[in-house]
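Using the hints, position chain B against chain A.
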Amino acid sequence: MADAATSRPAARRGRAPRPGYVRRFTLTERLLHWVHASAFFVLLGSGLVLYLPALSTAVARRALIKDIHFWTGISWAGALLLIVLAGNRAALLRTVREIDLFDRDDRRFLRGRTGSPQGRFNAGQKVNAIITAAFAVLFFVSGLLLWLGERNTDIRLGGTIFLHDALMYVSVVIVIGHLYLALINRSTRHALRGIALGTVREDWARAHHAKWLPLATDDGTRTRQTDTHARGVGNPHDTSDELTV
Amino acid sequence: MQPLLSENLGARRLGRAGFLGLLGAGVATLFYGKQISSVTSAVTKPIADATGINSIVPSSGWRIYTVAATMPTFDPATWRLRIDGLVRRPVELSYDALLALPKAEQVSTFHCVTGWTVTGVRWGGVRFHDLLAAAQPLPQAHAAHLVSAEIPYDDYLDLHQVALPDAMLAYEMDGQPLPQEHGAPVRVVIPDMYGYKNVKWVNRITLVPRQDLGYWEKLGYDVNAWVGRSNGYG
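Protein chains in written order, with my numbering: chain A, 2 to 246; chain B, 216 to 449.
Hints in this document: simulated from the structure, not taken from any laboratory. Quantities reported herein were computed from a predicted structural model and do not represent experimental measurements. Heads up, a few of these hints could be off.
Claimed, not checked - If the Cβ cut is set under 8 Å, some of the chain A residues that face chain B in the computed set are:
no., residue
1, L56
2, F141
3, S143
4, T161
5, I162
Stated by the list, open to error - As a list, the in silico EDC-like pairs of lysine to aspartate or glutamate whose alpha-carbon atoms are at most 20 Å apart:
no., chain 1, residue 1, chain 2, residue 2
6, B, K318, B, D381
7, B, K433, A, D155
8, A, K67, B, E432
9, B, K318, B, E307
10, B, K433, B, D389
11, B, K318, B, E387
12, B, K433, B, D373
13, A, K67, B, D437
14, B, K318, B, E432
Stated by the list, open to error - Now the in silico label distances, taken between C-beta atoms and shown as ranges:
no., chain 1, residue 1, chain 2, residue 2, range
15, B, T288, A, A197, 45 to 55 Å
16, A, L94, B, A240, 39 to 49 Å
17, B, R295, A, S39, 51 to 61 Å
18, A, R90, B, D427, 50 to 60 Å
19, A, S39, B, A240, 23 to 33 Å
Even for Gly, the Cβ is constructed at its ideal location relative to N, Cα and C.
One chain only, chain A, in its complex shape (with noise of 0.2 Å):
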């Protein structure tokens, strides 16, 4: 993968971002959301198309429709788990136990205290993370199940359809609050050029992601040595004292 893991050197790592511009989504971090995102919505399409009448009606071709679903389904999750295994897995693992870990300002900006000062995701963004990642196996598994029930209608279980319909609605609902937050709100639609591109400005960060930015390094994930540069960002629980690499 182009992001290559600190250790490496400063030469074989991603290209650093323009002056003003800080990292803040590794490649392979850039990857999975798009596969993921890109599978959602074909599967979502076509899964309406084979659970809907109407447009089960508009469209027909079930059989078509759903060798589209099933082998959506399959390839999203061998690319996922290929980029895994082929991807920055030591930046990965530091977003993991970022998002893992909730402190107090977290649990403010649940409460809806949203001034809180936040890390390079807010405690919303580990919210939608963790239940995006809890779907995806869930779906995984509902799924395989409807199409092993179909060779035997003896795995068909009683909740299947309806937790992979659940999925279906929950996700739809947290994806158009997604778009809304990405696409349109405008504090919060800059974060889309950090997906997409890598880096975001510099004093949005600043202003949406205090605690991150002193912290920030070209590879956008990891912490740096920051007993200086973590001091007088206005950041009102500056703990720089504590902070080690």
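Below, chain B without anything else, positioned relative to chain A:
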């Protein structure tokens, strides 16, 4: 590894707990989804009925699929079932005349091609040989064209299929007259085939020389929708 900034601000590992909690809830739903959907449908059904989105709201394990904008209504005084085509004596049965025919009962499983299944459905109705006897089928009749009051829904079964011991024209479901959303007053029940062959709101049966393509088959669905086998398995 040294601690990150967030660990110094009362950080808790809530992410993995949330992830595992969601997985647990999902797996539990696989096994208890029917009970959960009974609860949720109590909330969603009135909304679905009011908005006409019945086709996407689960109801006690059943999903109600329709192809027309509204469901056919049933008036016992005026409803008639016509049996014609390759018969010696075309007949029209009133609802009372249908109920007067020998009654058959069975408990069977209903499989939908979209992946859901309802077990232990109690049906009451008439076997096809009792139903067709009055019309006296001709020897050249080999299939039944089943026409629904939900225009343009129809389908075909061959006469061997309608003669299966658990195939019937049902007018009762779980001890009650067939509800409107399940095809009142009568629907086909053929448990060995997926639900789209179990035509609802039947008001005409025409005997024909051979099976043709029904509503969904014209849209690419399997003509003989044997459960499992029509997906290429079993």
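Comparing the hints with the structure gives:
Interface hint status for L56 (chain A): violated, as the beta-carbon distance to the closest one in chain B is roughly 10 Å, over 8 Å. Nearest Cβ of chain B to the Cβ of F141 (chain A): about 11 Å, over the 8 Å cut. The hint is violated. With a least beta-carbon distance of about 7 Å to chain B, the hint placing S143 (chain A) at the interface is held under the 8 Å criterion. Taking 8 Å as the C-beta cut-off, the interface hint given for T161 (chain A) holds, the closest approach to chain B being about 6 Å.
Contact between I162 (chain A) and chain B, as hinted, is supported at the beta carbon level, the nearest pair being about 4 Å apart and thus within 8 Å. Restraint check for K318 (chain B) and D381 (chain B): the C-alpha separation of about 13 Å stays at or below 20 Å, so the hint holds. At roughly 29 Å between alpha-carbon atoms, K433 (chain B) and D155 (chain A) are farther apart than 20 Å, so this suggested pair is violated. With a C-alpha separation of about 15 Å, the suggested pairing of K67 (chain A) with E432 (chain B) holds against the 20 Å cut-off.
Taken as a hint, the K318 (chain B) and E307 (chain B) pair is honoured in the structure, with Cα atoms around 18 Å apart against an allowance of 20 Å. As the CA atoms of K433 (chain B) and D389 (chain B) are separated by approximately 32 Å, the hinted pair breaks the 20 Å bound. For the given pair, K318 (chain B) sits about 10 Å from E387 (chain B) by alpha-carbon distance, which is consistent with the 20 Å threshold. For the hint linking K433 (chain B) to D373 (chain B), the alpha-carbon distance of about 17 Å falls within 20 Å, and the restraint holds.
Proposed proximity of K67 (chain A) and D437 (chain B) is supported: the alpha carbons are some 13 Å apart, at most 20 Å. With a C-alpha separation of about 31 Å, the suggested pair K318 (chain B) and E432 (chain B) falls outside the 20 Å cut-off, and the hint is violated. A C-beta distance of roughly 54 Å is found between T288 (chain B) and A197 (chain A), which places it inside the suggested range of 45 to 55 Å. With their beta carbons about 26 Å apart, L94 (chain A) and A240 (chain B) fall outside the hinted range of 39 to 49 Å.
A C-beta distance of roughly 54 Å is found between R295 (chain B) and S39 (chain A), which places it inside the suggested range of 51 to 61 Å. Restraint check, R90 (chain A) to D427 (chain B): a C-beta distance of roughly 58 Å satisfies the suggested window 50 to 60 Å. Distance hint check: the CB atoms of S39 (chain A) and A240 (chain B) are about 27 Å apart, consistent with the given range 23 to 33 Å.
In terms of the numbered hints stated before, the structure departs from hints 1, 2, 7, 10, 14, 16, listed from lowest to highest.
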